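Let chain A serve as the given structure and place chain B on it in line with the hints.
For the protein sequence lines, the chains are A and B, in the order given.
Reminder that position 35 of the first sequence reads as 35 in the working numbering, one-by-one numbering, no gaps.
Reminder that position 193 of the second sequence reads as 433 in the working numbering, one-by-one numbering, no gaps.
All the given hints hold, so there is nothing to weed out.
Calculated cross-link-like contacts (lysine to any residue; reagent style SDA-like; alpha-carbon spacing at most 25 Å):
| no. | chain 1 | residue 1 | chain 2 | residue 2 |
| --- | --- | --- | --- | --- |
| 1 | B | LYS407 | A | PRO237 |
| 2 | A | LYS114 | B | HIS266 |
| 3 | A | LYS114 | A | ALA124 |
| 4 | A | LYS102 | A | VAL88 |
| 5 | B | LYS354 | B | PRO326 |
| 6 | B | LYS354 | A | ARG28 |
| 7 | B | LYS330 | A | ASN2 |
| 8 | A | LYS87 | B | ARG263 |
| 9 | B | LYS342 | B | ALA364 |
| 10 | B | LYS330 | A | ARG85 |
| 11 | B | LYS342 | B | THR449 |
| 12 | A | LYS167 | A | PRO236 |
| 13 | B | LYS327 | A | ARG23 |
| 14 | B | LYS327 | A | CYS132 |
| 15 | A | LYS153 | A | SER109 |
| 16 | B | LYS407 | B | PRO314 |
| 17 | A | LYS87 | B | HIS266 |
| 18 | A | LYS87 | B | TYR356 |
| 19 | A | LYS87 | B | LEU373 |
| 20 | A | LYS114 | B | THR269 |
| 21 | B | LYS327 | A | SER119 |
Which chain B residues stay away from chain A? Per the calculated CB distances, all over 10 Å, these:
| no. | residue |
| --- | --- |
| 22 | ARG263 |
| 23 | LEU264 |
| 24 | ARG268 |
| 25 | ALA273 |
| 26 | GLN304 |
| 27 | LYS342 |
| 28 | SER359 |
| 29 | ASP398 |
| 30 | ALA405 |
| 31 | LYS445 |
Computed spacing ranges between beta-carbons, pair by pair:
| no. | chain 1 | residue 1 | chain 2 | residue 2 | range |
| --- | --- | --- | --- | --- | --- |
| 32 | A | GLU125 | B | ASP369 | 30 to 38 Å |
| 33 | B | ALA310 | A | VAL30 | 42 to 50 Å |
| 34 | A | LYS114 | B | ALA299 | 27 to 35 Å |
| 35 | B | PRO326 | A | ARG28 | 19 to 27 Å |
| 36 | B | LEU403 | A | LYS114 | 44 to 52 Å |
| 37 | B | PRO326 | A | GLN145 | 29 to 37 Å |
| 38 | A | ASP9 | B | ASP369 | 44 to 52 Å |
| 39 | B | GLN265 | A | ILE199 | 23 to 31 Å |
Just so you know, these hints were derived from the structure itself, not from any lab.
Owing to the predicted nature of the structure, the values given are computational and were not obtained by experimental measurement.
For each residue, glycine too, the CB sits at the ideal point set by N, CA and C.
Protein chains: 2
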Amino acid sequence: MNLILLFADDFIAPDRVRLRGRRLQHVRTVHRAGVGDTLCVGRIEGQIGQGTVLVCDDALLEMQVAFTSAPPPPLPLTLLLALPRPKVLKRVLITATSMGVKQIYLLNSYRVEKSYWSSPQLSAENLHDTLCLGLEQARDTLMPQIHLRPLFKPFVEDELPSLCAGKTAVVAHPGDVRSANVPVLEPGLLAVGPEGGFIPYELDKLQATGFQAISLGVRILRVEAAVPALLACLFPPSGA
Amino acid sequence: MNLILLFADDFIAPDRVRLRGRRLQHVRTVHRAGVGDTLCVGRIEGQIGQGTVLVCDDALLEMQVAFTSAPPPPLPLTLLLALPRPKVLKRVLITATSMGVKQIYLLNSYRVEKSYWSSPQLSAENLHDTLCLGLEQARDTLMPQIHLRPLFKPFVEDELPSLCAGKTAVVAHPGDVRSANVPVLEPGLLAVGPEGGFIPYELDKLQATGFQAISLGVRILRVEAAVPALLACLFPPSGA
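In isolation and in its complexed conformation, chain A is listed as follows:
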């Protein structure tokens, strides 16, 4: 937790917040903060700044807060992800969120196990908690949007063309070395298949919608490694 994410309910005055539960525990056990210490805070969908600890005990954390700067810029990328198994989903969502992705479509695919769609991990509350972890990690405040698309064909045929309009769209196909890597840099879409990859029918459908197949090389990576590797390749850090 590199930033304490604050919500409307946390405010007891315009410049004062009161926290309990997970965030209190984290500040006490990891930050080991005491009265007078300052911590990085951020208002959900708003600015980031500093909180000065006024009270920190077993029951509550109270801080005076001031917001001074914008959150880091989002990545101009929409991620289409074949729904991974629940544990992997959680890690990939944290990673994608911490890297700045704001639009994530979770897709069905032939190789996605049906049971994954009934995982509690997909409840609105659990998704929200997972995304908060990613935002707190990267000192961001802009909540990503998750779109569940349990039917592949209608999504690709009816919705995807307008999502793609005017954008670069690439699909990562493990082991496919025919295509060179294409830096997106402009607003784009990235599709990542399930373990085992998209089946040929799905790849054809995506390519017919304008997706270009790219590859990270002959080595096949797990989804949780492929996503950060692809994001880093497509949006290399520019330095300063």
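Chain B alone, transformed into the frame defined by chain A:
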């Protein structure tokens, strides 16, 4: 398991192997292979090829095997990793192995919890099993070497200078945007700190040994996302 990794003990003839346990279970439940099916196999430290299933039942898997091609080229990079907590270590080792890293030094650092050094995850057997998962994922056969270095200062002072000789060495420092990203491409070293980063003393010691600080940007990533992102940045896929 995109490749079934074979060891000397598995061979009952020069072209025949007999497997039980984890690999048998995986072939039965995930590949659902039957007699006559072919599977990708690789001989540890040797070539990859194909296995044709001769027997596959509850008790054993027997295959006729032929080896035809070299494993994918290793990444010419030595990874120095501040020891993460055991669960994260396992995932990062799988990722680094699947991306082709062959030399991994696990270091102490001020922010590494002492208890991590007594984790069963660090036993030779568990490390071996973890690395096998990474090799199987990436269809590789060349086992990485893991070096445990529970003392930071003697390692950096006595051993690191000769490891660095003639190589590009970079240390990833979260949030440090002063340095642009430097593609390594040639043989190199990459140091990745613990959650919270190396402390200034450690960073100074690494820089005094010739390490250049690089950053992935203002967003701070978890180690398990930072490692694949850094490897992908430093060794972008060339395509074909």
